[in-house]
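Work out the full structure, taking the sequences as your base and the hints as a guide.
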Amino acid sequence: MRKLVVDLEAILKKQIQAGTYSVRPHAVQHALAEGFSPKHIAEAIQNGRVIESYSDRNRCLVCGRARLTARVNIDLHVVCDYGDHDMLDIVTAYVPDSEVWETPPTKRRRGCQR
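Numbering (my numbering), first residue to last: 1 to 114.
Simulated from the structure, these hints should not be mistaken for lab results. Mixed in with the good hints, there may be bad ones.
Stated by the list, open to error - Taking lysine-lysine and the DSS-like style, the derived pairs with C-alpha atoms no more than 27 Å apart in a straight line are: (1) K107 to K14; (2) K13 to K107; (3) K39 to K107; (4) K39 to K14; (5) K13 to K39.
Unchecked claim - Distance ranges between label pairs, derived from CB positions: (6) V100 to R49: 13 to 23 Å; (7) H85 to R110: 13 to 23 Å; (8) M87 to R109: 25 to 35 Å; (9) D56 to E9: 16 to 26 Å; (10) R110 to R65: 23 to 33 Å.
For each residue, glycine too, the CB sits at the ideal point set by N, CA and C.
As structure tokens, then:
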């Protein structure tokens, strides 16, 4: 399973580097409401890792960090749709809720469902 995740991570990062991705309006709305931008979303994917895979929907959840300022870094969760092999679709992005996610936010707390 981890090999598949590592391969998926490499594909996501390659698409970000190549600029072959789109950020859905919903993701942009979340970003603006929570104080980050689409460039922070791309940065989080670049240095993040897949923490959940929804292979039945060709989607995954990435957890990564983004630098807001020289002194401020934030964790972001990004839902990616990789069904179109030519274009990565960024469905949404958000700052993980500490009541749902452990620190660092790569694992759900017990009893917290998707």
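Unmet hints by their number, sorted upward, for this structure: Violated hint: only 7; rest satisfied.
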